[in-house]
Amino acid sequence: MSISQNVSASRGTLLEVRKQLQFIKKSTEILEMKRDKVASELNKLLPQLKNRVEIEDRLQDVYRKFVKTLVEQGYEEFTTSSMTVPKVQTELRRHLIMGIEEYDLDMVNPPDVNRIPNPVIKELAIELYKVFMELLEMSITENKIEALANDLMNTARKVNALQKIIIPSYQELIKYIEERIMEEELSEFVRTKFIVEKGGN
Amino acid sequence: MWRREGIKMLKSSTYIYLVSRVHGLSTRLMSRGELESLSKTQNFASFLETLSGEEYVRRLSSIQGEEVDARLASRVFADVYVDRLVHLVRITSGKYRDFLLSFLKRVEIENIKRVLRAKMGGRDISVEVLLPLPREFTSVNFNDLVNVKSLDDVQFHLTPTIYRGASEAFQIAKNMVSTYPVELILENIYFLNLLASASKLPSSKKVVDLIRNEYASTVVFNILAIKFLDAPLTIFEKYSRQISKGMGVSSDYVNDLLRAREDTFSSLLRASRFAWISANIEDGIESRDVAELYNSIKRGFRIYYESVSRRDPLGITYLLWYLYTVEYEYLNLSLIATAKELGLKPEEIKLY
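Chains F and Y, in that order, are what the protein sequence lines are. In this text, residue positions in the first sequence follow the working numbering: the first is 1, and each later residue adds one. In this text, residue positions in the second sequence follow the working numbering: the first is 1, and each later residue adds one.
These aren't lab readings, by the way, just hints derived from the structure by calculation. Among the hints, erroneous ones may be present.
No farther apart than 27 Å at their CA atoms in a straight line, the calculated lysine-lysine pairs in the DSSO-like style are these [stated by the list, open to error]: (1) F:K68 with Y:K205; (2) F:K50 with F:K144; (3) F:K65 with Y:K298; (4) F:K68 with Y:K245; (5) Y:K95 with F:K68; (6) F:K19 with F:K144; (7) Y:K238 with Y:K298; (8) F:K130 with Y:K227; (9) F:K164 with F:K175; (10) F:K65 with Y:K174; (11) Y:K95 with Y:K245; (12) Y:K205 with F:K65; (13) F:K50 with F:K34; (14) Y:K149 with F:K87; (15) F:K68 with Y:K350; (16) Y:K345 with F:K68; (17) Y:K227 with Y:K245; (18) Y:K298 with Y:K205; (19) F:K130 with F:K44; (20) Y:K40 with Y:K238; (21) Y:K40 with F:K87; (22) F:K65 with Y:K350; (23) F:K37 with F:K144; (24) Y:K227 with F:K65.
Put together the whole structure using the sequences plus the hints.
Following this line, the structure appears as structure tokens:
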């Protein structure tokens, strides 16, 4: 289906369509810039994904240590030691950057593991909290990567559509309107000339 | 000389009765081999089936309407542990009873610690979480204590008891937002009280020495653990006099331990009466692992008290051997039950 259908070929329309094309080209440029920025941001973040394996390994080590300590110290010692630490409070904040949805996690009330009186459990809690925070940061990064990748895909699709479909069709429309105007001007010229010549006789 | 030895040989009837009963009661204890075979069972269910002690089986089979898990089993083991200690107090009298009552205070200390921790975190706690010590053997009313609101209220409840000396530590605990200082001082009070009772016993030297060694092992663990965690040793510096009293050493020695670098710590112990501890802390110091340090000291103390007490089966140290073995049996059974429930392999289970 051509964009030129149902378009009146007037000078006003031509001006309007040219303005629209200029706007579309500028938007395409902006989208291209956004695409490049998102791509470079993604490139920066992607190497961090490698750390997940290491963090997971460390988490497994700490988990094994946790099981061992739980066995050796007993449920009651663990439960009562954990009672000294107030409940953790977190806040998930959503924000948009260049239309990309990102999440940040704020520790409103971080677990104060230094309160734990049993040194064995305290040592484990410090280690576990450290790995947990790294895993949390990794999850935030992964979430960011996912959002950026989705946005990159959408932006690239939009840029492609604009460059390969919309802009050429607008250019085609402008050409069509120009040709129509030219034709109309030519016929008008011929008609005028004919009337002038006839009137002269 | 001969006369003195003759007098020494004469033991009171209470003593003879107590040692005989302890020998009788010790037959109910599980041997190391039995505990090891329990640790080799397939899973938690087969652990329960293999568990042979009459006291345990009776209690576990009487549980109705609830599925027995490791936590519940540990409570049963705790019941038996406390019952065994209480039983011994009930069957004896005089200085020995006072000594056993002082020993029993370790259960009370454990319960106070649990309440303290809950109150520090602003959590609720019930008496079911505490070790089941009959009211007649406690100087603290735990039914009231669990319902108090704050740490100040706990301090108020402890003021009329032997733990009144911990009041300053409560202030430090509030500033540090940790119950650790109070727990340390309560432990110190417990050991000083126990040592005072032990010193009144006839031929008390070995008993006092064994208790001092137990206290020294907890002090050494705590000092090194704090060093490993890079936390300040201020609380130890403040209470070095009381600590030294408990260990039976000079304050200077305790201060030397506090100031000692980790690599010179062992040599300081090696030159003292606590030489056995030095051999048990070397791996922990090398790895700077608090859990490893705890386990090796705990295991080391078992070997130490067994070697000391077994030398004299008719001496008073045999009574201490029984008391410690009862405690180790409780700890080991709870350890095996939890390990089995969590699916640990037999080779991963290391008994105390």
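Structure-based check of all given hints:
1. Between F:K68 and Y:K205, the direct Cα distance comes to roughly 38 Å. Violation of the 27 Å bound is thereby established for this hinted pair.
2. In summary, the hint linking F:K50 to F:K144 is supported, as the alpha carbons are separated by about 15 Å, within the 27 Å threshold.
3. Proposed proximity of F:K65 and Y:K298 is supported: the alpha carbons are some 18 Å apart, at most 27 Å.
4. Proximity of F:K68 to Y:K245 is assessed by CA-CA distance (about 35 Å); at most 27 Å being required, the pair is judged violated.
5. As the CA atoms of Y:K95 and F:K68 are separated by approximately 41 Å, the hinted pair breaks the 27 Å bound.
6. Distance restraint check for F:K19 and F:K144: the Cα-Cα separation of roughly 37 Å exceeds the 27 Å cut-off, and the hinted pair is therefore not satisfied.
7. A distance of roughly 26 Å separates the Cα atoms of Y:K238 and Y:K298; the hinted pair therefore holds under the 27 Å criterion.
8. Only pairs whose Cα atoms come within 27 Å are accepted, and F:K130 paired with Y:K227 is accepted, the gap being roughly 19 Å.
9. This hinted pair checks out: F:K164 and F:K175 have alpha carbons roughly 17 Å apart, not beyond 27 Å.
10. The hinted pair formed by F:K65 and Y:K174 fails the criterion: a straight-line CA distance of about 30 Å is larger than 27 Å.
11. Using a Cα cut-off of 27 Å, the hinted pair Y:K95 and Y:K245 holds, with the two alpha carbons roughly 22 Å apart.
12. Proximity of Y:K205 to F:K65 is assessed by CA-CA distance (about 40 Å); at most 27 Å being required, the pair is judged violated.
13. Between F:K50 and F:K34 the alpha-carbon distance is near 26 Å, which keeps this suggested pair within the 27 Å criterion.
14. Under the criterion of a C-alpha separation no larger than 27 Å, the hint pairing Y:K149 with F:K87 is consistent with the structure, at around 18 Å.
15. Of the supplied pair hints, the one linking F:K68 and Y:K350 holds, its CA atoms being roughly 10 Å apart against a limit of 27 Å.
16. Annotation: proposed proximity of Y:K345 to F:K68 holds, straight-line Cα distance about 11 Å (limit 27 Å).
17. Taking the CA atoms of Y:K227 and Y:K245, the gap is about 22 Å. The hint holds against a cut of 27 Å.
18. Between Y:K298 and Y:K205, the direct Cα distance comes to roughly 23 Å. Compliance with the 27 Å bound is thereby established for this hinted pair.
19. Note on F:K130 and F:K44: the hinted pairing holds, with a Cα-Cα distance of about 24 Å set against a maximum of 27 Å.
20. The suggested pairing of Y:K40 with Y:K238 is violated, with an alpha-carbon distance near 46 Å, which exceeds 27 Å.
21. For a cut-off of 27 Å, the pair hint linking Y:K40 to F:K87 is broken: about 38 Å separates their Cα positions.
22. For the hint pairing F:K65 with Y:K350, the CA-to-CA distance comes to about 14 Å; that is within 27 Å, so the pair holds.
23. Between F:K37 and F:K144 the alpha-carbon distance is near 14 Å, which keeps this suggested pair within the 27 Å criterion.
24. Distance restraint check for Y:K227 and F:K65: the Cα-Cα separation of roughly 20 Å lies within the 27 Å cut-off, and the hinted pair is therefore satisfied.
When held up to the earlier numbered hints, the structure conflicts with 1, 4, 5, 6, 10, 12, 20, 21 and fits the remainder.
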